[in-house]
Structures are given as structure tokens and as C-alpha cells.
Amino acid sequence: MRLKKNIATSESGFIFHPGTGDSFSANPIGADILLQLKEGVAPSDIKKTILDKYDVTANMVEKDWDDFSAQLREANLLEL
Amino acid sequence: MTKLPYERPQILKMNAGLMNKYGTRTEYEPVKHIDGIPVKTLIAKYGSPVFVISERTMRSTYRSIQRSFATRYPKVQMAWSYKTNYINAVCNVYHQEGSWGEVVSGFEYRKALGNGVPGNKIIFNGPEKTTAELELAINNDSLIHIDHFDEMYQLIDISDRMNKKPRVAIRVNMDTGIYPIWDRFGFNYENGTAWSALTKIVESGKLNLVGLHCHIGTYMMVTTAYSIAASKLCDLAWNCKTQLNTTIQYLDMGGGLPTANDLRGAYLPAKDTIPSVDEFAEAIASTILNYGFKTEDLPLLILETGRAMIDDAGFLLGSVLANKRLSDGRRATIMDFGVNILFTSFWYEHKISPAQDFTQHTEECVLYGPLCMNIDVVRSAITLPLLNRGDQVVVHRVGAYNMTQWMQFIQMRPNVVMIDESGESHLIRATETMEYIEIPERMPEHLKTVKL
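Protein chains in written order, with the working numbering: chain A, 1 to 80; chain B, 1001 to 1452.
Careful: at least some of the hints might be erroneous.
[Unchecked claim] Subject to a maximum C-alpha distance of 16 Å in a straight line, what follows is the list of computed EDC-like cross-link-like pairs (lysine to aspartate or glutamate):
1. B/1121 with B/1150
2. A/48 with A/62
3. B/1003 with A/55
4. A/47 with B/1007
5. B/1032 with B/1391
6. B/1013 with A/22
7. B/1324 with A/62
8. B/1003 with A/52
9. B/1324 with A/66
10. B/1324 with A/67
11. A/53 with B/1007
[Stated by the list, open to error] Looking from chain A toward chain B, a few residues come up when the C-beta cut is under 8 Å (computed):
12. 27
13. 64
14. 71
15. 72
16. 74
Derived from the structure by calculation, the hints contain no laboratory data.
Glycine is no exception: its CB is placed at the ideal position from the N, C-alpha and C atoms.
For reference, chain A alone in the conformation it holds in the complex (with noise of 0.2 Å):
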């Protein structure tokens, strides 16, 4: 899963896609979540260090994981 090159996006969870000109906003883990694969972030990792630092069994971030997954695609963010 690869974030748009043209992505912008910000720590505040503020996201902009120049393509078509919508914005978006993030709750503070959904900005976490793309800052990092923004950065290159494997997915693998990401999930972990969501495990290591919220109170969160790790199949339900394998289900949130998949459903944000489903939001970024919908909102035409991520590279096909």
C-alpha cells in the first residue's frame, strides 16, 4: 500500500490531493498511519508500533487496518 507521490499531507492530519483538489481530514492515528507510509513505512511496521503504543489487540488493528485501507482507496489516495 503506497501513498500518491503528489499526496500532501501534514501532522495535524490536514491532507490535500492536488490531482483533483479535495481535502481530507485524519483523526491523530489516520495522520500517524500516513506520515508514515508517506515516509516508506512498511505496513508490517506500522501496525506494530500501533501495538506497541495504543491499548489495542492486534486483530482489530488487522480489521481497522484494512478498513482505512478501504478509505484511502476511496478517496483515490493511494497508487493502484
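Chain A is fixed; fit chain B onto it per the hints.
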């Protein structure tokens, strides 16, 4: 090291354009306690889902409604509408407050008797009353409200046979400017049927005509309808006195007062649009007082307010079973309660509050119940914080009709708990069991064994 609370990742598209003046957030504070008891404690003790009734709210609402009428009219009597919620503990709170019983079936009648309501303080309404039930009501000197001519003649026959003269009223339906008119119950005012019934009752010499009853609708949003109804009942009472030489002792204005629950499809929130109980009381009381009765001839004013009496006192606590995304991208959240126990979700957009802390991030979602049925939609669109599996919610204003119209369908009906005025919780109706459900079932001999 303590880990941070988790919230599932989310992005939300920002839309340019005019702002919605009503905003998108529906909740700003979690509701973690009901009358001082933590929601988590209630669910841990009684399971999820669970209905919770606040006795404190019941009593304060009763006193508030009673005060609204009693400060405007000298003779007021409340009669608890059993069909609104006939769990015995609930009924007895209102009976302790002084409410009579208002019942619409033999089943409810026997419940009222069982709760200790004297027979002469039971109002027997409704279109179905069997001969045995009428005989019981006559023997108990109850107030029998006649719904149709067949019932009137049935009652005359029974009275003749028993050589007793029961106290009766007729239910009157009428045009109060609210449509459709509830003309399926009682006798019509405008076309003269009501007057015809009153004449026949008096001329029969077998029945003691003591009252007039109407119930013009439900969730009424204009007070003028009650003014019109009170005026028409006064007109009939006046004519009974002057033309039939019969004094009408009471006017029963029924129920129908609304609560702050939002009706489905309503543009504005109910709390901004419904009149207060004071306004309804003023409309009814001033109409009767100004009609022209002598002070000593003023009829007793009876009210059968059910919904407005108990809705606010009822809460449904439940938990999130699952989250999923629908094919069109919408979020769906599946709760452990559905339309089977929250029947009012068919016509209300219930207020639902999370029962734990949440962030400012929200998402619009569809709220489904647990039933494997497509109709099981609690809210078709609601903006809620990002709930996770196991998170708990509080559904507000569910005291009226849910605990009577609920269905044992696919799932069992849950525990009902009452929190008393000192903050103690009491189980007042236990969740159903497999054994309870199967008590009425019978198995034919040839179906007792199955081999697959």
C-alpha cells in the same frame, strides 16, 4: 508503560460550501451514569442490552404534569395508561403517586387489579371487552368506556341480566383539525352518532352515564386540538344536563401528549417544536372553565397521559457488536439491540449517547440491530464518535411503548431494571429464557423424534 487509548484510523472528506447551521455533531458528552450508577456497572450486573428505568424521573415527571393541570383546574385525576408500560413495578410507582388505572383489555384489567387498584378506580377502555370481562368490571364498579353500539347493547343485556347499573362513559371521536381523524374508536361527534349513543344509554335505564371520553390522537403537536376536543365534550355534557337530565361527572381527555423524542423525518428537533405540558393544560383547563358550568358542577378532569409520563425515565443500554463498511462506503455499526426491543425506532430518531470518553472525531453511520432481518435498522443515519466493538451506548427516552410492544423475535427480551430514588438498582423484569419461551408449545407424538 501505559498504552494510549485506541481509536480506529479515519479520514473524512472536507466539503466546501455552505455550512450546515445545525452542525454535524450530535453528542458532546458521554453519558456514563444513570441516576448515579455507572453504565458499565449496570451492564456488568444485568447484561447487555438492558432497559433501565429511573424511578426518580418517573415521579418528578408525574408531579410536574399533575401540577401543570392541578394549578389550572380544581378537580384533576391521572389514570396510568397501562399499555404504555405495564410492568407491575412501573405501574405501582404511578399508583403510589395517586394515579388510577386505565386499561384497554381484560389482561390489563387483571394486571391493574393485581397491582391493588380498587375496581372503582379502573377505567376500562378499548374496542374489545368480553362478556366475562364486562361482568367483572360491573361487579367491581369500574368505569366502562363504551366504544361502539354493539358493545352498548351487549352491556345493556348484561346489566339487565345482572340487575346492576354499571357506571359508563362513551368514547367520542371528533374533528379537532388533526388528520386523519381517529374515528375508528368511539362515536362520532359531528355526525350525531355520539349524541344518539348518549340518548340511547340514558333511555335504556340500564346504564349509569357518568362520563365522556376522547383520545384525539398521539404525539399531538398543537394545543388547539385539545381546546376543540374539550369544547365538544363540554357541549355534549351540557346537552346531557339540559336535555337528558343527566349530570356528566367527569371528562376524560385521554392522552396523546408528545415527548422530546424526534419523529422520523422531522426537520427541527422535537424539543424546539413541541408545546409544553403547561400549554396543553392551559388549553384544556381554560376551555372547560370558560364553558359556563357552575363551579359546583365542574366535571372531574381525567387524563390518561402515558408517553409524556414515562418516556424520559426509560433508557436502553447496549453494546457495539461490530463495525463494517457497506458497499457504498458508508459505515455500519451493529448494536446488540434492534427493532425487536426498540419498537419505537420505527417512528423516532432516538438520541443515542456513547457511554465512554471519545475524541472529537465523528463519522456518519447506519445503526443496525442484531437481527438477521433487513428491517432491523435503529437509525438510518446518525453521526457518532468512532465506536469500537464492545463500546457501550445509552439510548434515551425509551420508557413508553417499548416494554409493551417489544417482540420476542430471534432474540430474547432483556432484563428491565429500575433505579430507585436512593440510587439502588432493582431487577423488575427478568430476561426471558428458553424454558419460558417454550412453556406454551406442544409437540405432537409423531414429531417427537428426528433422525437426520
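For each hint, the structure was consulted:
1. B/1121 with B/1150: 25 Å, violated
2. A/48 with A/62: Within the cut-off at roughly 10 Å; holds.
3. B/1003 with A/55: 5 Å, holds
4. A/47 with B/1007: 14 Å, holds
5. B/1032 with B/1391: Status holds; Cα separation ~12 Å.
6. B/1013 with A/22: 7 Å, holds
7. B/1324 with A/62: Holds. Residue 1324 of chain B to residue 62 of chain A sits at ~13 Å (cutoff 16 Å).
8. B/1003 with A/52: Holds: residue 1003 of chain B and residue 52 of chain A sit about 8 Å apart, inside 16 Å.
9. B/1324 with A/66: 11 Å, holds
10. B/1324 with A/67: 8 Å, holds
11. A/53 with B/1007: Holds. Residue 53 of chain A to residue 1007 of chain B sits at ~12 Å (cutoff 16 Å).
12. 27: OK, holds: residue 27 of chain A within 8 Å of chain B, min 4 Å.
13. 64: 4 Å, holds
14. 71: 5 Å, holds
15. 72: Hint on residue 72 of chain A: holds, closest Cβ of chain B at ~7 Å, below 8 Å.
16. 74: 5 Å, holds
This entry does not satisfy hint 1, going by the numbered hints stated previously; all others are met.
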